[in-house]
Every structure is written in structure tokens, then in C-alpha cells.
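Since chain A is already given, all that's left is putting chain B on it; use the hints.
There are 2 protein chains.
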Amino acid sequence: MSFQKLDELGHKLESLEHALSILGADEATHMASGGGEKRAEAMSNLAGMYHEQATAPEIADWIADAEKAELTEDGARALREFKRSYTNATCLPTEFVRRRTQATMLSEQLWRDLRAKNDWQGFRPALEGVVKLVREEAQLRADALKLAPYDALMDQYDPGNRVANVAPVFERLKTFLKGFLPEALAAQNRRLTERPLKPFAGPYTVEKQRDLGLAAMAAVGFDFDHGSLSVSHHPFCGGVPSDVRITTRYRTDEFLSSLMGVLHETGHALYEQGLPPEWAHWPLGKARGMGVHESQSLFVEMQLAHTREFWEFAMPLVHQHMGHDAMRGWEVDDVLNRVNHVERGYIRVDADEVTYPLHVILRFELEQDLVNGKLEVADLPEAWDAKMSEYLGLSTLDNPKDGPMQDVHWPGGAFGYFPSYTLGALMAAQQWAALEKAVPTVRDDIRQGNFAPLNDWRRENIWLQGSRWSTPELMERATGEALNADYFIAHLKKRYGA
Amino acid sequence: MSFQKLDELGHKLESLEHALSILGADEATHMASGGGEKRAEAMSNLAGMYHEQATAPEIADWIADAEKAELTEDGARALREFKRSYTNATCLPTEFVRRRTQATMLSEQLWRDLRAKNDWQGFRPALEGVVKLVREEAQLRADALKLAPYDALMDQYDPGNRVANVAPVFERLKTFLKGFLPEALAAQNRRLTERPLKPFAGPYTVEKQRDLGLAAMAAVGFDFDHGSLSVSHHPFCGGVPSDVRITTRYRTDEFLSSLMGVLHETGHALYEQGLPPEWAHWPLGKARGMGVHESQSLFVEMQLAHTREFWEFAMPLVHQHMGHDAMRGWEVDDVLNRVNHVERGYIRVDADEVTYPLHVILRFELEQDLVNGKLEVADLPEAWDAKMSEYLGLSTLDNPKDGPMQDVHWPGGAFGYFPSYTLGALMAAQQWAALEKAVPTVRDDIRQGNFAPLNDWRRENIWLQGSRWSTPELMERATGEALNADYFIAHLKKRYGA
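If you read the sequences in order, they're chains A and B.
In terms of our numbering, the first sequence opens at residue 1 and continues consecutively.
In terms of our numbering, the second sequence opens at residue 499 and continues consecutively.
Chain A extracted, bound-state conformation (with noise of 0.2 Å):
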């Protein structure tokens, strides 16, 4: 009775997310663009009503009442994430959410203004004051879900993960990479030696990229039925399982990006078409966690789309969808060549499969430093810059645009997110291992555009497991073992190695 109260409450509170994500979606790609105020209004109404009915007084009763009666495995699995949403919805005070949302939202309205003239010492004092509010929240969270205060607020994002775990991992990667990054570069200019990088044959038309696009998307078993691809600024995988929305940008100089972008947003769109449908309006019948996510979005288009086999398949589609002249002279080494290049660089966003892990880590060590104090805001732009000396080689002292000013996460009083990138790459590449014991015909099944094997093995280990299990044990019931980093970086040494 108590369990069947918490099923209604589910759908009601799906069709407001549902209405969410397709206003979202809609005001990306298809909104007219003085419809933004009433929009915004829209929707932070609904976020509002969302709000209210998720954290109901009565639903902590619910929960009480339910945990007393007999539930099936999978009932009491439901029930625990219902637990967990109601519990993470409501450990912060009405007011303290109402003084930390306006303090981020002047934070990145000011970042956006601040970060654009490079004038860190203007925009200090609101992040001092977002790191003031964060310390707060990660207190108020690490009480209610009796965790550490960083523990808290990265379980927000992917359940179950640990410094205690993750860090390990992190160290390893670390410090493999700054062995590993200067061989990588020597291995390319003697790679680039041999075979100069191709020019492209350009301009290519927006309509030839959309249709390569979605052929790619198509053969790699995007579901046309309960999903679309439209463009928009910024891309991103939206909408609702049963209407997926990816979108992409087009640029006429060369069509790679574009094409790897849609691959990249048709791994997530592919998980959340791949969710168990029976549980779409409970918390079980979600994604599990930003880095799982991540993970199937890395593995289409990482350990997918940058191999030689997904090339070998690849050439012919893009022959007969952009013309044969569109790769003039190019073999699959030179696309090779272009979609796995390496290179220093200050911006997380721009960076390459190498290099990437190094920016997170950073900010992993930094913001933990930053939530428990042990780091102050002031001190950053130097705290920043010894790590980005010593693990990229760059300074960024004098340039806080491309330092400590980068990403909107910091602004936006998001911290606890940054792992989930690079466990989202540790995680794709178990997997693929997992999927190469288990399937060891998959690298011919890709020559051959057969995507069907190497798409049941991710459905029925990550796909339909929905949340049924915290983050880590996700990965150990996926791959026969805990997250560590060997996977990765055997891949990372076979990919860009000597």
C-alpha cells in the first residue's frame, strides 16, 4: 500500500521531468529566441512543483511503512533508490537551497562576464562565497547520508564512489601519464614524420555531414523510433528515453568533429534508450551515475569509433554519404592520424584521450582541498598553477582564463563532478576488455558494421541493470572485477605507445 503510494508519486513526478527535459531539449535546438524569459519561468515552476511533491512530508512515512513489508529483490532495490532520492532531496533546508541558488546563479552570471576579461581578482570573492556555501552543503549532506563531506557530494553524482577508492586509481593513472605523455608525443612526430597529416576536402555541406551522421548513429543501433538529432550550440544528449534528443554542430572545414560528437552523444543516447522501461517512472529505472554515463558515451565514441576496425567500416559510409572526394588520398591511418592526436594543451574541453585524465585530476585533488578546507580560494591561482606545471608542463599564472577560471563547474557551485569524466574513461575501457573476453569475435563483428553483439553485452551488464546497483558494484558485477586503472592504460599504451 505504502510501495503502491511511491509508484503514483513516480509517475507524477516522471511527467514532470518528462515535461523538463523536453522544454530543455526544445529550448536548444527548437525555441524561438525571445521565447527564453517565459521559458525560464516555465520551468523554474515546474522545478518548483518537482521540488514540492519529491519532498513531501508524508513520503518519509511511505518509505518507513514500505521498508516494514515483504518486497521481491528487486522491490527492495526500488525501494532503497526511492530512499535515496528522497534523502538527497531533502538534507538541505529549504532556505539554505534558496540562499545557495542565488549565490551560484550571481556567481556564473559574473563568471561569464569576468572570465572573458581575465580578471580573476574581480571574480574571487563570489567563488570565495560559493566555496563558503559548498563547505556548508557537503556538511549538511556528509550528516544525512553519515559519509565524509567530499564523499557526499560525489555520491550525488555516481553512487557509492569513494576518495578511498577512487584516489588510488587516480594516483596510478597520475602518475603513469606523466611517464607516458612525452613518450606518446615522441611516438606521433614519428608517426607524423612518416605519414604528414592529410589536408581535408572541404567545404563540406551541413546536409552531407547530417546524413553521415545519421547513418553513423543508425549503424552503431541508435533507435530512430525513440530518438532524434537536431543541432544546436552547445551539444548534448536530452530528452526522455522514450525520445531521446542529441544534438550536434556543424563546421564546412572538416566534418571529423562533428561526426565524432554525434557518436560521442549517441553512447549516452544509447544507454538511456537501453533503460529497463518497466521502472521508467522509479529512481531504479535511471541512469545510474554521471561517470557510468560518461562510460558509454567514451566507449562509443573512444574504444568504438577510434579504432582501425570502426574505420575499416566507417570509410565506405562516409564515401556514400559525403561523395568520394571527400577523403581524396586519405587511408584509414591518416583518419587515425587526426582523431588520435595528442597535444599539451591549458583547456580540460580541448583536450585529447591522454592528456584529459591529467586535467581531472587536478581539479579532483583541488576541490577536495577546497571542501575541507585545507585549500583557500585565494590561494588557488598558484595551487593551480604547480600542478599544471608539473603535470602538463604549462603555466597558467598569468592567464586565469585558462586556469582556475575554465569551467563553469566551480561557478555553478558544482563540486564532487569533475571524477566522473575520467572514471567514465577508466570505465569504458574495463568494459571493452570485459566485452573482448566475453565476445572475442567483436573486432571482426565491427569490420563488418555488426554493432548488435557488442550493444547486447552493454544492455544486459550496464543498460537494463538501470540503479539496481551502486557505482562500483556496477562495475564489478559488469567486468568480474573492481574499477583499477590497468585497462585504461594498456589502452592508452597500444593506442598512442612507441
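You can trust all of the hints, since none of them are fake.
For the chain A half of the interface with chain B, some residues (derived, Cβ under 8 Å), not all of them:
id, residue
1, H11
2, A42
3, L46
4, V240
5, S242
Hint data in this document are derived by calculation from the structure and do not stem from the laboratory.
As the structure is a prediction and not an experimental result, all values here were calculated from the model.
For glycine and all other residues, C-beta sits at the position ideal for the given N, C-alpha and C.
Positioned in the frame of chain A, the structure of chain B alone reads:
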């Protein structure tokens, strides 16, 4: 203070309406084919939340309290419209609404199936059930509004419209049309003998038709900062005033039907875009009613875009966007002969300006008798056939699919709506006459592509009035006299007469 509460409620209801409108438009334009089930569930739950919030018992107290306060004139009008909405939303018991929704949903589904099979006897019991419920509903609304039953139904669609006023106007129009239709057909025959219909020089690509449609929308005043054009199976005007979504469909053998459809929907859109933005979250700020809305679409489509002056402006636009060969050998008269073609037919939605009102008046007469119990569903085919034979000289006895089964309105329980179509045509003609009095140069303006004076007049007299007046009051204030058939009759004589 109570008014403040109504104001806050207005913001919440506007947000839910916003979601429902955008989700509805999205469903018909961008939604993936398999997204329908979850979309229906989400919209039904959001509609439930809307109903729950719009009918909360405390609202009655807020209204009663606010009525005791001192209000500005527009404040008093705003309160009257809040009260009208509340009365209309609460006058049917929840149990009755549930029964009616179930019956009309089933009847609509059955109608879709059995209309295709031309099976009146199979469908009859379902319609009898609906009519029984509609009689009950009309009585419930009549009691709440202190109106006659059919007036209470009509009042939902155009507040203030009463049989006592509408029936004599329709009677005069019907008498005129029965005599005029043969004259118009004879005149048309003479015209077509002198100037036979020119063939279309298609095919016309969708891209070029879309460009032409966009250019025509922009010319007549559509604000693309607050709206857009897409494709859907059935054209509509949806969305919200800050982001109006209109749609069209294309055939490639001719381009006039899509262009005229776009202009019709643009008429609706201009009304929505022109509503008073400061009252957008109050009932006072909404479009007045369905008849007034139709007057705005028919104003653009029929009063404006079927004229010689408009086509003197539009011919170069067609050449510019479709190429000079698109209308090879056509003159303005050839376009007018196409768009102003008159023909007796069975189907209301395919009817022209001259025959359309006869289809509506037939339904208006029959549905009054159905609601008032003077006619039973069993006798409907004969009653329909008798009027069809008298008004249009066509018999439908052996073809119920194109007779009383042709429209979705009655199977869906919408009685009292049909008059709006023809009231819209009458209002549009009367508005045009008032406009020509106020702006004597308007035909020259149109010829030169200057639509501002025409829109300024409507903005001031119709759009910015929102729901300040009942439909008859709005017309009288805008045109200086009560709604009558004179202007529409004069218009038909001028356009279609000998």
C-alpha cells in the same frame, strides 16, 4: 492580498499551460514516433495537476475577498475573468468529468475506426451515450452560469454569444446564401469560360515553398523572435504567445494550398503574439475566444490574402522565392480564380468561403436540437440529409461517412463550437469594413506590401484587448456596431457576384 494570491496562482497555471502547449506542439512536429505513449501520460498528469490547482476550494474565497476590495477597472475585469475560469473549471463534478472523458475518448476512437468503414449503425450507440452526457453537461453548466443549456455550451468558446443573437444573424445569412450560391456558381462559370484555370508549372520543392511561406509570414507581420514555422500532418497554431508554433504541410504539385494555410495560421499567430504581455499569466490576458480567434485567421487568409491588392504585392514574392517559371503565364486573375473557387461539396473542411457557412449553420441547428432533446441521434441521418439537400442540394443518406460522421467534434463531445467558424468569418468581414473606414488607404498599403496600418488597427482594437470584453462587446467596440451579416454578405457579393 487575495488578488495577490490569484496573481501567484496565475503564474503557476501559466507555467503548466506553457508546458502543455509546447509539449503538444512538439508532439506534432519533433517528437520521435515511439515517444507518444509517455508523452500522453506526461500531458495527462500535467493536465491533472493543472485541474487540481485551478479548482482548489480556497480560490473561491480569494475571489470573494477580492470582490470586496477596491480595484481598478482592469483589475475588476481581471477578477471577473478569474471568476469565469474558476466557475467553468468547477461547475462539473469530478465524477461527471471522469465519466464524460471516458465516454468521449472511447467514442472518438470508435469514430476513427467506424467512419472509415461508413458504419453509422455501429457508431450510433456511442454517439447516443455522448449526447446523453452532453445534455447533462449543458444542464450543469446552465445552472452554474444561469444560462439556457445550449448558450452555456457556446459560452465556453465565445463568452457572451447567445442563440438569441446568433440565430437571427445566421438565419439572414442562410436565406441569402441559398439564393446567392447558384448565382455565384453561374458567375464563376462565365469567368472560367473567358479565362480557363491555368495549370501549375510544378513540381514545387518543399524548400522553396518553405522560403515563400516564411517570406509571406514576415511580410504580414509574423514576429520570428517569438515564433516559428514547422511541418505537421495537420496544420495548426500552437505554442505560447512568447513562442508561437505554426505548422503547414506541403504537396509538390501546387503551392497555393500550403501558402494559404500558412497565412491562415499566421492570422492566429498574430493574435497570440499581439496579446497584452503584462497579463500573460491572467485569464484577462488570453485570447477572447474561438470565434474571435477564427476572425483573426480568416482576416489574414480571406479578407487579406484572397484580394487582388494582396496578389499584386505577392506575385513578385512568389517569383523571388519560387523562380520566375513557378507561375509561368499566370496573371493576378488566374491566382484569384484558383483561390476563390466555389463548389458544392459534402465536406465542411474542404468547403470554400461561400458554402462553408451553410455547413456550419446546418450543424448549429442540429446540435441545438440534439442538446435540447428535440432531436434524437437515431433521427440524425435523415435530419442531416434534409438540411443538406435544402442548403446545398446534396444527399448524404447513403453516405454517413460524409454526412453526420464527418467531423470529430460531436464524437469528442464538443457541442456549441461549430458556430465559431462562421462567426469568425462574419467578424472578419465586419472588422475589415471598420478598418477600411479608419484607414482609407489600406488597399494601397497592401499593394505596396505595407501591412503595418492593418496590423496596428487590429493590435489596438482586438489583440491588446485580451479578454477585457465579451465577444459581442469586443466586436461592438472595435467596429461601432453589433455583429451582423451585412458586411460578410457585401463581401461575398463583391468577390463572387455576377
